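Undergrad: For this one, chain A is given, so just place chain B on it according to the hints.
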Amino acid sequence: MAAILVFSERDDIAWQLLGKAAELGREMGLGVAAAALGSADPGGYANRGAQKVYISKNEQLKTFEASVYAEALSQVAKQADAAVILIGSTRRGKELAGRLAQKLGAGCISDAGSLEVKDGRLVCTRNALGGATVATQTITTELQVIAVSPGLGEPIESPETAEMVEVELALKPSAVKVIARSEKGQGAVDIEGAEVLVCVGKGFTRQEDLKMAEELAEVLGGLVACTKPLATDEKWLPEDRVIGLSGKSGKPNLAICLGISGQVQFTVGIRDAKTIVAVNQDPNAFIWQMADYGIVGDLYEVVPRLTAALKG
Amino acid sequence: MNIIVCVKQTVDLQQVRIRKETREPVLDNIPLTIGNIDKNALEEAVRIRDKVGGKVIAVSAGSEQLTDTIKEALAMGADEAILVISTEFEGADSGAAAAALAQAIKRVEDYGIILLGEGSADNYSGQVGPRLAEILDLPQVTYVSSLEVENGTIKAVRNLDDCFETVEVGVPAVVSVVSEINEPRIPSVTQILKAGKKPKQVFKPEDLGIEITRSITTLSNLAPDQDRKRILFQEGTDKDVASLVSALEAEGLVRR
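Going line by line, the protein sequences match chains A and B. Per the numbering used here, residue 1 is the first one in the first sequence, and the count goes up by one each step. Per the numbering used here, residue 313 is the first one in the second sequence, and the count goes up by one each step.
Derived from the structure by calculation, the hints contain no laboratory data. Predicted model only: the values in this text are computed from it and were never measured. Cβ coordinates follow ideal geometry from the N, Cα and C atoms, glycine included. Among the hints, a few may not be true.
[Stated by the list, open to error] Below, computed lysine to any residue pairings styled on SDA-like, alpha-carbon distance capped at 25 Å:
# : chain 1 : residue 1 : chain 2 : residue 2
1 : A       : Lys-211   : B       : Ser-555
2 : A       : Lys-311   : B       : Gly-564
3 : A       : Lys-78    : B       : Phe-545
4 : A       : Lys-202   : B       : Ser-457
[Said to hold, decoys possible] Ranges between beta-carbon positions, derived for each pair:
#  : chain 1 : residue 1 : chain 2 : residue 2 : range
5  : B       : Ser-532   : A       : Ala-170   : 52 to 58 Å
6  : B       : Val-514   : A       : Glu-157   : 28 to 34 Å
7  : A       : Pro-304   : B       : Pro-511   : 24 to 30 Å
8  : A       : Ala-170   : B       : Ser-500   : 50 to 56 Å
9  : A       : Asn-284   : B       : Asp-539   : 17 to 23 Å
10 : B       : Gln-503   : A       : Asp-209   : 34 to 40 Å
Just chain A, same shape as in the assembly:
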């Protein structure tokens, strides 16, 4: 039976995808398989909704390198009779998806934000035109590669235990040598899971003034996030705080945007917020199109008063 094959270099994302694949597989009449390659723990994949888990501990898979993993997955895909390959759309996942799709002559959609079956075909949505629009797309090649945004799909506990299939892969060593790796881990914050986000933009003129935003976030039990320039140009905040097209997407109950003009590259990451509040001096700023509530005024004047009012 043809199958949906799931892979992510992160087990937690692979399990989310397996939950989604189980649902899609039922609708499309496809089996569900997973590839547990390299350092993945195959045991963890046994009851996640897959009928088969393909395992390889090949020496070349010890470190993740896209061209080697693409070759490995293309071999697994043939063995699994894959019709659809779902990959977690991390940076590694995206570079893998493109290379794998090319190798297999497949169409590929990356950063798919939703995935459903319509008239027997998989239909995806993804941002287009720099985030100004959302395109609804379908892949027309026989084999489809889809890199799915992390967070889509819930891990499931299945009573059915997958068959574990050890595969022999023919892999050549990568030309790319990893010399060093430094984890970003320390002080990591979960912008994407936050209930309240206080987002800061170029309306702030000095780094120390961000304290105002931090105080507001603290009163609200939220986190401070920022637009891209504040992290990459000014380096006032680490990159894991960036909201937007090349950063993260939040789904908070409340997002407060301070001194943010509202360019689509930013708003694409916040538009799923339930309520958006903005404070901005410019009465014509784009952010007002996105705001449920706002104060047109100087954030330096408004924010301390807002924090004080919320403290009660």
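TA: Same frame as chain A, but now just chain B:
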């Protein structure tokens, strides 16, 4: 050693407006430009050339206006350009773009690095680099935030989701960059004037033996529905903050 930079022609995204009634994007009469991250790739290419020599060759696939759009890349410091021109590139997917770029690149002798942005400004799919690398059977190094080239070895720092990874690879290789790698230069008037005179090779897809195929169908492309209340208070009226706080309280979003 020559350095290739792949750039993509897109509409100037700052100028895209949305038709309110239909939520469709209005793309008519919007000037074409090259993407912002493409400019980071160009800047990096120029810096490398100034250090190790060779030429910077901009390669692009796009519409008839590409001969004009590409001047931006030439003004920024590319020495020449290879263009593949067809109306069919409009809305073409990453596979078609990669196929065209690969055939154009095959015309270049002695290239060491193929640089591009991590994703295009409009679609941001991040696929073209890896697809190119596969077609040309080259190693790929993506999401690079710092790059050095010395004696035929590329040393790069990759900015990944959870870590920075330092890698080494020999030339030739495909390298995609993130925007924090550099600050793209703004060309001077003299450079802009000179850009038009730099050599350009122009091909049609059939000259390169390419057929533009589509592997993705777009069913719709609409701005997301933003049903927002848009209630604004003016600063200075004594009730500004109080009104906001009561509105948020009424929605159960804050407690005093």
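Undergrad: Using the beta carbons of A/Pro-304 and B/Pro-511, state whether their distance is inside 24 to 30 Å or not.
TA: 59 Å, violated
Undergrad: State, for the Cβ atoms of B/Gln-503 and A/Asp-209, whether the hinted interval 34 to 40 Å holds or is violated.
TA: Because 38 Å falls inside the window, the suggested range holds.
Undergrad: Given a hint of 50 to 56 Å, does the C-beta separation of A/Ala-170 and B/Ser-500 actually sit inside it?
TA: Hint holds: Cβ distance 54 Å, inside 50 to 56 Å.
Undergrad: Can the suggested window of 52 to 58 Å be confirmed for the beta-carbon pair B/Ser-532 and A/Ala-170?
TA: 43 Å, violated
Undergrad: Could you tell me whether the CB distance from B/Val-514 to A/Glu-157 stays inside 28 to 34 Å?
TA: 59 Å, violated
Undergrad: What's the verdict on A/Lys-211 and B/Ser-555, does the C-alpha distance respect the 25 Å limit or exceed it?
TA: Roughly 24 Å separates the two Cα atoms, so the pair holds.
Undergrad: Given the hinted pair A/Lys-78 and B/Phe-545, is their Cα-Cα distance within 25 Å?
TA: 61 Å, violated
Undergrad: May I ask you to test the hint 17 to 23 Å on the CB atoms belonging to A/Asn-284 and B/Asp-539?
TA: 21 Å, holds
Undergrad: Checking one constraint from the list: CA of A/Lys-311 to CA of B/Gly-564, max 25 Å. Satisfied?
TA: 16 Å, holds
Undergrad: Does B/Ser-457 sit within 25 Å of A/Lys-202, going by the straight-line distance between their CA atoms?
TA: Roughly 23 Å separates the two Cα atoms, so the pair holds.
In this structure, the earlier hints numbered 3, 5, 6 and 7 are contradicted, and the remaining ones agree with it.
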